Amino acid sequence: MLNPQLSADGRLKHLITLDGLPRGVLTEILDIAAPFTEVAAREVKKVPLLRGKSVFNVFFENSTRTRTTFEIAAKRLSADVINLNVATSSTNKGETLLDTVDNLCAMGADMFVMRHASSGAPYLLAQHLRNTGRDHISVVNAGDGRHAHPTQGLLDMYTIRHYKQDFTRLTVAVVGDVLHSRVARSEIAALTTLGVPEVRVIGPKTLLPSDVERMGVRVFHDMNEGLRGVDVIMMLRLQNERMQGALLPSSQEYFKFYGLTEEKLALATKDAIVLHPGPMNRGVEIDSAVADGDHAVILPQVTFGIAVRMAVMSMLAAGN
Amino acid sequence: MLNPQLSADGRLKHLITLDGLPRGVLTEILDIAAPFTEVAAREVKKVPLLRGKSVFNVFFENSTRTRTTFEIAAKRLSADVINLNVATSSTNKGETLLDTVDNLCAMGADMFVMRHASSGAPYLLAQHLRNTGRDHISVVNAGDGRHAHPTQGLLDMYTIRHYKQDFTRLTVAVVGDVLHSRVARSEIAALTTLGVPEVRVIGPKTLLPSDVERMGVRVFHDMNEGLRGVDVIMMLRLQNERMQGALLPSSQEYFKFYGLTEEKLALATKDAIVLHPGPMNRGVEIDSAVADGDHAVILPQVTFGIAVRMAVMSMLAAGN
Amino acid sequence: MLNPQLSADGRLKHLITLDGLPRGVLTEILDIAAPFTEVAAREVKKVPLLRGKSVFNVFFENSTRTRTTFEIAAKRLSADVINLNVATSSTNKGETLLDTVDNLCAMGADMFVMRHASSGAPYLLAQHLRNTGRDHISVVNAGDGRHAHPTQGLLDMYTIRHYKQDFTRLTVAVVGDVLHSRVARSEIAALTTLGVPEVRVIGPKTLLPSDVERMGVRVFHDMNEGLRGVDVIMMLRLQNERMQGALLPSSQEYFKFYGLTEEKLALATKDAIVLHPGPMNRGVEIDSAVADGDHAVILPQVTFGIAVRMAVMSMLAAGN
Numbered sequence: 046m047l048n049p050q051l052s053a054d055g056r057l058k059h060l061i062t063l064d065g066l067p068r069g070v071l072t073e074i075l076d077i078a079a080p081f082t083e084v085a086a087r088e089v090k091k092v093p094l095l096r097g098k099s100v101f102n103v104f105f106e107n108s109t110r111t112r113t114t115f116e117i118a119a120k121r122l123s124a125d126v127i128n129l130n131v132a133t134s135s136t137n138k139g140e141t142l143l144d145t146v147d148n149l150c151a152m153g154a155d156m157f158v159m160r161h162a163s164s165g166a167p168y169l170l171a172q173h174l175r176n177t178g179r180d181h182i183s184v185v186n187a188g189d190g191r192h193a194h195p196t197q198g199l200l201d202m203y204t205i206r207h208y209k210q211d212f213t214r215l216t217v218a219v220v221g222d223v224l225h226s227r228v229a230r231s232e233i234a235a236l237t238t239l240g241v242p243e244v245r246v247i248g249p250k251t252l253l254p255s256d257v258e259r260m261g262v263r264v265f266h267d268m269n270e271g272l273r274g275v276d277v278i279m280m281l282r283l284q285n286e287r288m289q290g291a292l293l294p295s296s297q298e299y300f301k302f303y304g305l306t307e308e309k310l311a312l313a314t315k316d317a318i319v320l321h322p323g324p325m326n327r328g329v330e331i332d333s334a335v336a337d338g339d340h341a342v343i344l345p346q347v348t349f350g351i352a353v354r355m356a357v358m359s360m361l362a363a364g365n
Numbered sequence: 046m047l048n049p050q051l052s053a054d055g056r057l058k059h060l061i062t063l064d065g066l067p068r069g070v071l072t073e074i075l076d077i078a079a080p081f082t083e084v085a086a087r088e089v090k091k092v093p094l095l096r097g098k099s100v101f102n103v104f105f106e107n108s109t110r111t112r113t114t115f116e117i118a119a120k121r122l123s124a125d126v127i128n129l130n131v132a133t134s135s136t137n138k139g140e141t142l143l144d145t146v147d148n149l150c151a152m153g154a155d156m157f158v159m160r161h162a163s164s165g166a167p168y169l170l171a172q173h174l175r176n177t178g179r180d181h182i183s184v185v186n187a188g189d190g191r192h193a194h195p196t197q198g199l200l201d202m203y204t205i206r207h208y209k210q211d212f213t214r215l216t217v218a219v220v221g222d223v224l225h226s227r228v229a230r231s232e233i234a235a236l237t238t239l240g241v242p243e244v245r246v247i248g249p250k251t252l253l254p255s256d257v258e259r260m261g262v263r264v265f266h267d268m269n270e271g272l273r274g275v276d277v278i279m280m281l282r283l284q285n286e287r288m289q290g291a292l293l294p295s296s297q298e299y300f301k302f303y304g305l306t307e308e309k310l311a312l313a314t315k316d317a318i319v320l321h322p323g324p325m326n327r328g329v330e331i332d333s334a335v336a337d338g339d340h341a342v343i344l345p346q347v348t349f350g351i352a353v354r355m356a357v358m359s360m361l362a363a364g365n
Numbered sequence: 046m047l048n049p050q051l052s053a054d055g056r057l058k059h060l061i062t063l064d065g066l067p068r069g070v071l072t073e074i075l076d077i078a079a080p081f082t083e084v085a086a087r088e089v090k091k092v093p094l095l096r097g098k099s100v101f102n103v104f105f106e107n108s109t110r111t112r113t114t115f116e117i118a119a120k121r122l123s124a125d126v127i128n129l130n131v132a133t134s135s136t137n138k139g140e141t142l143l144d145t146v147d148n149l150c151a152m153g154a155d156m157f158v159m160r161h162a163s164s165g166a167p168y169l170l171a172q173h174l175r176n177t178g179r180d181h182i183s184v185v186n187a188g189d190g191r192h193a194h195p196t197q198g199l200l201d202m203y204t205i206r207h208y209k210q211d212f213t214r215l216t217v218a219v220v221g222d223v224l225h226s227r228v229a230r231s232e233i234a235a236l237t238t239l240g241v242p243e244v245r246v247i248g249p250k251t252l253l254p255s256d257v258e259r260m261g262v263r264v265f266h267d268m269n270e271g272l273r274g275v276d277v278i279m280m281l282r283l284q285n286e287r288m289q290g291a292l293l294p295s296s297q298e299y300f301k302f303y304g305l306t307e308e309k310l311a312l313a314t315k316d317a318i319v320l321h322p323g324p325m326n327r328g329v330e331i332d333s334a335v336a337d338g339d340h341a342v343i344l345p346q347v348t349f350g351i352a353v354r355m356a357v358m359s360m361l362a363a364g365n
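Residue numbers (my numbering), protein chains in the order written: chain G, 46 to 365; chain F, 46 to 365; chain W, 46 to 365.
This is chain G alone, in the form it adopts within the complex (with noise of 0.2 angstroms):
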């Protein structure tokens, strides 16, 4: 089967997921990526590169940081913006999917930012452009259900590269609640995909998915084995919801076990970062004093995802 985010000649459609993007195809997004960086340190922050493009950031989960993000990739390469949320739109008036979405390719869209609370849909949508001959509209996913965040693992991958440079000589480790997460298995996809030899995933059973194994990563349940020597340490957020349930004891249990603290990091390697895709849980998933301390990279992979959103887009509008 064809890659949908690729074209016939490799070029990046649409933005999906990291699982099965070419390794040539993510390398050109981080190096794209770099001079964008640039144009967020000047005096007047714009590109013209998508002047009288209509961007719809339709989200039909709500998700005000994520929307915040591409809104402002998308005004700074000058694009016309225009938010939906969709939980208070015409669903509710009994519209399916994809007539909204007709609708919205009628008004004159040129992409399409989803955030759904089903795995796939972005999927579908541009499936549904293909087959309706708008092969010219393009879809970034912004997180569906428990599938993907690409662009959070794009701008996760910048900064490993950033600080890091080689991919080939780093041990990775992914800690926390995988079972859930979307950003994580965009981040094991892409750190896979740019030849890091060993990921780790690290966290308790009950938080981790069955299959873990076949993803190509060493699974640790003891967060101080896991962490030992690691270069890059990729925390995920626990979210609230879990530790009400039956999956967790409480959460000072958890931090106990699984909290990054100064202590479990001196495990790292001595010059090792450590990411978070935020918002953080200070003293559940991780310690302020590791949030605020000098390996912490967590507000440069802010800083580096609008760089990496606005090259995805910019890639977009220049592909299509």
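Treat the hints with care, as some may be off.
Which copy is meant is left open, because identical chains are indistinguishable; a pair holds if it fits in one copy or across any two.
[Claimed, not checked] Straight-line alpha carbon distances no greater than 30 angstroms define the calculated DSSO-like cross-link-like pairs of lysine-lysine that follow:
1. 120 x 91
2. 91 x 309
3. 91 x 209
4. 90 x 120
5. 120 x 250
Since the hints were made in silico from the structure, they are not lab data. For clarity, every value in this text was computed on a predicted model and none was experimentally measured.
Given chain G's structure and the hints, the job is docking chains F and W onto it.
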């Protein structure tokens, strides 16, 4: 009485209703809309006609879809657009409608796009602007109560003209809940003005106004009879709340008698077109086979809707 | 202690409060605002002073009106504006205020316009920016708790100067619920700094701070006495929730004693002006005859408010 929508020399000052709007003005709007359909097809979908103008979308009733079409139209004209969802705003704080409006005028509004649950609210606003010597500010009615939704009516006329050219040889049927529909009123007024010789309304007695014949239409309660030989079928949306009330037995029952199926559509002329204002209730007022079939022009309506709104806004800005 | 709003060489870095702001700076803001009133009257209401800057409207408390005025001001300065209604955002997800702010900084914010229910929140933000070496980012207080609402105070001063020119010959009365009003505090501070020889506050004991005399004002509980001979009457909004509490007998009772009627207004000088920050409760703190009468300058206040906010934003952008 002077038409409050027109200036002394007959130019469009406000767009409140299609009722009473002269044929010349109607035709002028459609003519001006035509080149705007090309703007949407360009690389850079922008013209500077409203550059530096402040357009306020003041929605006292929530409608993401309609607000979005106006927002896109205004942004493509390069206006600064301010969205106000007044349901959650200072009207809650006991402020009157006119005080809210006066404040927005004082902020430098050039144009109001207003949606309101009460029939006549945009007319009151236009009157208030005249009484307070603020004739340079325009009002566009984006739907008021059961009264009117003139830009919807205009885009329907644009669509009919696009596919059928000459209004004076057409038989047009408006089908469904005419009683509660502001769209139907705007459509019938415009069709009559533009010289359509036969306008039919089709629906159950409970969903037609008691004085419907006074609108100059032929009334049918049997859809099969009513559709015979028509060139244009304008479906109306059936609002869910009606289906639960005493007015209708059930949505299945409604579909059986008044839902547009391929079988019923076959009674119309061979090249009849089917319009629907959206959002559609598939399987209630329209069958999916028709909605997605060759006769449907429902998505072109949306596209033409942006052009028509750009035309109206640019005419108002030029006139005031 | 250094004034945290000013740089070492006395330029405006943040706008947190009018309390302690030197007369020179206050006057400078009003002087700079003057030409911006002309921008609002132009065909193209736009200047490029903040082009490519990212302004974040961060509202932890909902206020459509205030947010709109800042949004318009920023857009007329050509800034990219991002509206964040933080009530519905990641603070819900357990993130701290400073983490939210750090993230927005990392996205490339140039300016924060902040509304918060807690007094002192914008000050904390400015302090945090300094402590973390992000001195190039500015903070504008758009209302914090009962503390301050400096742009409202500034637009009031602009309005008074516009109609009365010389502050040093005026008698000014502030009327109503001073106790709960951040507006009143900002007004009294500015009036005193600008050299108004007599500032009066008028209100029932239950709605005046117990130490109100320490603000350098004359206190009146009888409105007829307090208004005698004043040049400027600054009405305060009576919040509905006060009326239901133990602080007030009823809104009719309040109107009788402290509502501004034409009769009471006649006690002031012949050309006295009446200000109100909006939204008005007609028939509670102000009679419609006065609100719509010749002495009211309530709508000019709104117009001047846009110009004053443009002035403040452009000064901050130039200084940082």
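task: Provide an ascending list of the numbers of those earlier hints which the structure does not satisfy.
output: 2, 5
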